[in-house]
Amino acid sequence: MNVKGSHEFEVSREKLWVYLMDPVVLAKITPGDTKLEKTDTDSYKSNSDIKIGPVKGSFKGKLKVENQQQPQSFTINMEQMSKIGNAHANIQMTLEEAGENRSSLSFNGKAKLSGVIARTGQRVLSGVASSITREVFESLEKHIEEDLQNASPPTDASTLQPEPTNTTENQITKTTESPEIQTPNSKEEPSFFKRIYQWLFGNKK
Amino acid sequence: MTKYIGKSVKRLEDKRFLTGQGKYTDDIKLVNMAYAYILRSPYANATINNIDISEAKAQPGVAAIYTGADIPESIAGVPCGWQVNFKNGDIMKEPPHPLLVRKKVRHVGDGVVMIVADSRAIAKDASELIDIDYDIHDAVTDPKKAAEPGAPLVHEELPSNVCFDWELGNPKDEVAAALASAAHVTELDFTNQRVVPNAMEPRSAIGHYDTAYDRYTLHTSTQNPHLTRLLMCAFVLGIPEHKVRVVGPDVGGGFGSKIFHYTEEALVTYFSKILGRPIKWTADRSEAFLTDAHGRDHVTNAKMGFDANGKIVALQAYTYANMGAYLSTFAPAVPTYLHGTLLQGLYTTPKINVDVTATFTHTNAVDAYRGAGRPEATYLLERLLDLAALEMKVDPAELRFKNFIPAFDGVTQPGYQTQVALQYDSGNYEPVLKRALEMVGYEAFRQEQANQTNGKLLGIGFSTYIEACGIAPSAVVGALGARAGLFESAQVTVQPTGKVSVYTGSHSHGQGHETTFAQVVADKLGIPIEDVEIIHGDSDRVAFGMGTYGSRSLAVGGSAIVKSLEKVLEKGAKIAAHLLEASADDLEYNDGKWTVKGTDKSVAFGDVSLTAYVPHNYPEGIEPGLDFSSFYDPTNFTYPFGAHIAIVEIDKETGAIKLKRFIAVDDVGNVINPMIVDGQIHGGLAQGIGQALHEGAMYDEDGQLINGSYMDYCMPRADDFPSFEIDRTVTPCPHNPLGVKGAGEAGTIGSTPAVVNAVIDALWKGGHEVKDIKMPMTPERVWNAMQD
Chain U
-4 MNVKGSHEFE VSREKLWVYL MDPVVLAKIT PGDTKLEKTD TDSYKSNSDI KIGPVKGSFK
56 GKLKVENQQQ PQSFTINMEQ MSKIGNAHAN IQMTLEEAGE NRSSLSFNGK AKLSGVIART
116 GQRVLSGVAS SITREVFESL EKHIEEDLQN ASPPTDASTL QPEPTNTTEN QITKTTESPE
176 IQTPNSKEEP SFFKRIYQWL FGNKK
Chain V
24 MTKYIGKSVK RLEDKRFLTG QGKYTDDIKL VNMAYAYILR SPYANATINN IDISEAKAQP
84 GVAAIYTGAD IPESIAGVPC GWQVNFKNGD IMKEPPHPLL VRKKVRHVGD GVVMIVADSR
144 AIAKDASELI DIDYDIHDAV TDPKKAAEPG APLVHEELPS NVCFDWELGN PKDEVAAALA
204 SAAHVTELDF TNQRVVPNAM EPRSAIGHYD TAYDRYTLHT STQNPHLTRL LMCAFVLGIP
264 EHKVRVVGPD VGGGFGSKIF HYTEEALVTY FSKILGRPIK WTADRSEAFL TDAHGRDHVT
324 NAKMGFDANG KIVALQAYTY ANMGAYLSTF APAVPTYLHG TLLQGLYTTP KINVDVTATF
384 THTNAVDAYR GAGRPEATYL LERLLDLAAL EMKVDPAELR FKNFIPAFDG VTQPGYQTQV
444 ALQYDSGNYE PVLKRALEMV GYEAFRQEQA NQTNGKLLGI GFSTYIEACG IAPSAVVGAL
504 GARAGLFESA QVTVQPTGKV SVYTGSHSHG QGHETTFAQV VADKLGIPIE DVEIIHGDSD
564 RVAFGMGTYG SRSLAVGGSA IVKSLEKVLE KGAKIAAHLL EASADDLEYN DGKWTVKGTD
624 KSVAFGDVSL TAYVPHNYPE GIEPGLDFSS FYDPTNFTYP FGAHIAIVEI DKETGAIKLK
684 RFIAVDDVGN VINPMIVDGQ IHGGLAQGIG QALHEGAMYD EDGQLINGSY MDYCMPRADD
744 FPSFEIDRTV TPCPHNPLGV KGAGEAGTIG STPAVVNAVI DALWKGGHEV KDIKMPMTPE
804 RVWNAMQD
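Listed in order, the protein sequences are those of chains U and V.
Reading the first sequence from the start, the letters are residues -4 to 200 in my numbering.
Reading the second sequence from the start, the letters are residues 24 to 811 in my numbering.
Please note that the accuracy of each hint is not assured.
Straight-line C-alpha distance at most 25 angstroms; calculated DMTMM-like pairs for lysine to aspartate or glutamate [what the hints assert, rightly or not]:
id : chain 1 : residue 1 : chain 2 : residue 2
1  : U       : K30       : V       : D156
2  : V       : K147      : U       : E74
3  : U       : K107      : V       : E310
4  : V       : K616      : V       : D554
5  : V       : K126      : V       : E180
6  : U       : K57       : V       : E151
7  : V       : K522      : V       : E676
8  : U       : K(-1)     : V       : D723
9  : U       : K78       : V       : D158
10 : V       : K127      : V       : E117
11 : V       : K794      : V       : E471
12 : U       : K105      : V       : E724
13 : V       : K127      : U       : E74
14 : U       : K55       : V       : D156
15 : U       : K59       : V       : D161
16 : U       : K105      : V       : D723
17 : U       : K107      : V       : D75
18 : V       : K788      : V       : D656
19 : V       : K52       : V       : D307
20 : V       : K590      : V       : D656
21 : V       : K479      : V       : D811
22 : U       : K105      : V       : D161
23 : U       : K59       : U       : D35
24 : V       : K522      : V       : D546
25 : U       : K105      : V       : D156
26 : V       : K46       : V       : D554
27 : V       : K590      : V       : E604
28 : V       : K126      : V       : D723
29 : V       : K616      : V       : E593
30 : V       : K590      : V       : D554
31 : U       : K78       : V       : D735
32 : U       : K78       : V       : E151
33 : U       : K105      : V       : D165
34 : U       : K107      : V       : E179
35 : U       : K30       : U       : E133
36 : U       : K78       : V       : D141
No lab work stands behind these hints: they were computed from the structure.
Computed from a predicted model, the values in this text were never measured in an experiment.
Work out the full structure: start from the sequences and follow the hints.
Take a look at the structure:
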């Protein structure tokens, strides 16, 4: 399954880079992740529960940020294993200047699915992939917006690995894990697979 | 004397099936039985670095966990039963198909670990605790791409993915010359897509080793228990054949997929002795999708040439056939001797050449699926003919009448020798198409089509097919590479009271043998059908058998029964003659009794059978008992044929196809039970039309089967079909005693191209002159074809 797309942000390329290297943000833009645990400088362990149609499972995985060419590009290498199947993804992220205080992020890569998730419902996955990534970008955009409003943004672009802002013992959790109980004010996006589930079957539980 | 033959006797077996009392393999529970779950590869091509079973093994209720390392090197794997040679004479590439892989997985679903536990749930849960470290490699799934240089190798020890190349018919240059001089040549590239058999009952097997008798029993959902025993004993496990009993109890459909000897059968048998407990394995639906041998998957280029009068002058076909990752039991025979040999069709084509390249790919094995090769041959011919008719602007029915082989009965006239090795037994092809046209109301339909005003596109498609059934004369198939004979056996045991037990080597898994065979026996012996029992599917009860596939049961198995019945009657006549104090030559047998011709002196069948077992007053030199075995080896294949016509309507806005009518006129020789034949035709049509409109196994480029569930794989449903309009002509088979040809596959073989042709016809009528729509013909594909 090919994944490809791009999005522009109201922030300089250097600042965008810092956001993207922030594990909190990373947790947000990585589909399906609910928990991230830092294992090495650029490596994380992830845990997430997903449900798609009749299939549900618990994914454990590894996520690695590689080939960092600050501030223009890096690669996300992801491996998600579960008893209902595995997902391997290798995604090239490219950051480009797009005018003053504007930058664009484009990504291009492949996601390979195997096991039950590959043979049950995969045909709909590629179809919704683009809308999913759009939502991911929109939530990143929102995050940047709010961040810029609420606090001073990270200014020191040389701080490549800022300490996570809301971690407990290196564990990073999405601010909202259960979209169905979220408050009306919260605009946090539901997880990747939840969105597919809702897209496929409506909002019924 | 035909009280039963030719009558629609209700199926005797249906009482137990309809009341839920059928006994399938998974229904069988043995004392102390353990349950196996097989952990399969999630990848199409990967190297196994490490398998960690420690956590799973420690789970309560887990009895044992086996990997490839637990199987001795001497057990290489399951064998292939048919050898095809390369054009240069080299033997086909035949890499081993291990019971559990050791180092490398070659398709999604390849068995890696077998977990045995006190319940299936425990085994499956434990499997989730097994950690396998894989290195993943690129995969190839397309049979043509697999043959290209640089394609990822399925078997690294082989020079390429080519299993064999093969050619049949007239020399290529002669065919090329005929095509060059043709007034019109129709060329078509197409894929006959891969389909999943989808038997209602998933495969299941129970292995049981009995220490007291040093004997194994394997219960398995098979179409041929004896062949499974032979293959497993002699070629896999090296166990003496007489120390193994194989039982194929009630089996819920096979469609070819249960002919083959599968790894799981050998696994449960082998490890039942090591574990000291019976082991049951039953596939879930997902495993069935991944591991039941699939069907079709041919990529073909074909050219058919016509002279100015519309006579076919030549046919050249190139096909790439997908074998999957391993050779299944009969896989090499399907694209060759069951496909290339049928390319004469019903036509007098003087020059034919067929060239087949079979390749390994990182996919599940492909083997015989209802029709096996013959649907692919029919699809090739019939698509070309209807397309040629459109291109040449001639009537497709007329084009066929012009090219039909003239009628021959195979008795006073010889059989028809084709350009592709076979000799047809008997045929009369015009009447089936004439009858079908009559049923359609052809002229009226063409008018309706021309005057259509409802904004839809009407189309009609034809298919006039032939198939080779009654498989098969042993010497012939032996010469063609079969590693087995294809005769059948039957034992008729007349009990002292005149009740009859018939032990047949055929195997019924939905076909209704228990009824059809009983009709034959009851009529031949002139006894009530209730007095006959048909026993099948157990190697301890039936001496030998070759099983059921290739529409062979009645033509071959039924003929073996008739041979034994003749022996019973011949001996019975001698005993009757003694009792009647007459000469056996003066007796006639009618309505269950021997009568001295011209008198009212007679003795009943039951009196003779009782005398045979209580031989107090008995002819000299004759053995007691009334019990005969026979083996019947046919002298030729049988050649059923027919004409199928589909009428479709396409919605221009959506591309949706409505199958409005389907007409099938089949000639399957003599018919024993019309209701059962109708049912076979109906089921076959559903599968053939299903391939045209709904079904298709899709592998992505990584070798993942992406529609391996009923959410994703479209099976046809009752409301997808109109009420089928069927009829028959009867051209008896000249070379078997019942004159039957076989009806199990006809519906599947003829129907697929008729539907596709109808869609193409509709599109041409709408001004879209497309050559092909990929099957399954989804609305999306049809809609796209209309956007040119």
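Outcome of the hint check:
{"no.": "1", "hint": "U:K30 <-> V:D156", "verdict": "holds (24 angstroms)"}
{"no.": "2", "hint": "V:K147 <-> U:E74", "verdict": "holds (23 angstroms)"}
{"no.": "3", "hint": "U:K107 <-> V:E310", "verdict": "holds (20 angstroms)"}
{"no.": "4", "hint": "V:K616 <-> V:D554", "verdict": "holds (15 angstroms)"}
{"no.": "5", "hint": "V:K126 <-> V:E180", "verdict": "holds (13 angstroms)"}
{"no.": "6", "hint": "U:K57 <-> V:E151", "verdict": "holds (18 angstroms)"}
{"no.": "7", "hint": "V:K522 <-> V:E676", "verdict": "violated (65 angstroms)"}
{"no.": "8", "hint": "U:K(-1) <-> V:D723", "verdict": "holds (18 angstroms)"}
{"no.": "9", "hint": "U:K78 <-> V:D158", "verdict": "holds (18 angstroms)"}
{"no.": "10", "hint": "V:K127 <-> V:E117", "verdict": "holds (17 angstroms)"}
{"no.": "11", "hint": "V:K794 <-> V:E471", "verdict": "holds (24 angstroms)"}
{"no.": "12", "hint": "U:K105 <-> V:E724", "verdict": "holds (12 angstroms)"}
{"no.": "13", "hint": "V:K127 <-> U:E74", "verdict": "holds (21 angstroms)"}
{"no.": "14", "hint": "U:K55 <-> V:D156", "verdict": "holds (14 angstroms)"}
{"no.": "15", "hint": "U:K59 <-> V:D161", "verdict": "holds (22 angstroms)"}
{"no.": "16", "hint": "U:K105 <-> V:D723", "verdict": "holds (13 angstroms)"}
{"no.": "17", "hint": "U:K107 <-> V:D75", "verdict": "holds (24 angstroms)"}
{"no.": "18", "hint": "V:K788 <-> V:D656", "verdict": "violated (50 angstroms)"}
{"no.": "19", "hint": "V:K52 <-> V:D307", "verdict": "holds (18 angstroms)"}
{"no.": "20", "hint": "V:K590 <-> V:D656", "verdict": "holds (17 angstroms)"}
{"no.": "21", "hint": "V:K479 <-> V:D811", "verdict": "holds (17 angstroms)"}
{"no.": "22", "hint": "U:K105 <-> V:D161", "verdict": "holds (13 angstroms)"}
{"no.": "23", "hint": "U:K59 <-> U:D35", "verdict": "holds (9 angstroms)"}
{"no.": "24", "hint": "V:K522 <-> V:D546", "verdict": "holds (14 angstroms)"}
{"no.": "25", "hint": "U:K105 <-> V:D156", "verdict": "holds (21 angstroms)"}
{"no.": "26", "hint": "V:K46 <-> V:D554", "verdict": "holds (23 angstroms)"}
{"no.": "27", "hint": "V:K590 <-> V:E604", "verdict": "holds (21 angstroms)"}
{"no.": "28", "hint": "V:K126 <-> V:D723", "verdict": "holds (24 angstroms)"}
{"no.": "29", "hint": "V:K616 <-> V:E593", "verdict": "holds (13 angstroms)"}
{"no.": "30", "hint": "V:K590 <-> V:D554", "verdict": "holds (19 angstroms)"}
{"no.": "31", "hint": "U:K78 <-> V:D735", "verdict": "holds (20 angstroms)"}
{"no.": "32", "hint": "U:K78 <-> V:E151", "verdict": "holds (6 angstroms)"}
{"no.": "33", "hint": "U:K105 <-> V:D165", "verdict": "holds (20 angstroms)"}
{"no.": "34", "hint": "U:K107 <-> V:E179", "verdict": "holds (23 angstroms)"}
{"no.": "35", "hint": "U:K30 <-> U:E133", "verdict": "holds (20 angstroms)"}
{"no.": "36", "hint": "U:K78 <-> V:D141", "verdict": "holds (21 angstroms)"}
Hints 7 and 18, counting from the list given before, are not met by this structure.
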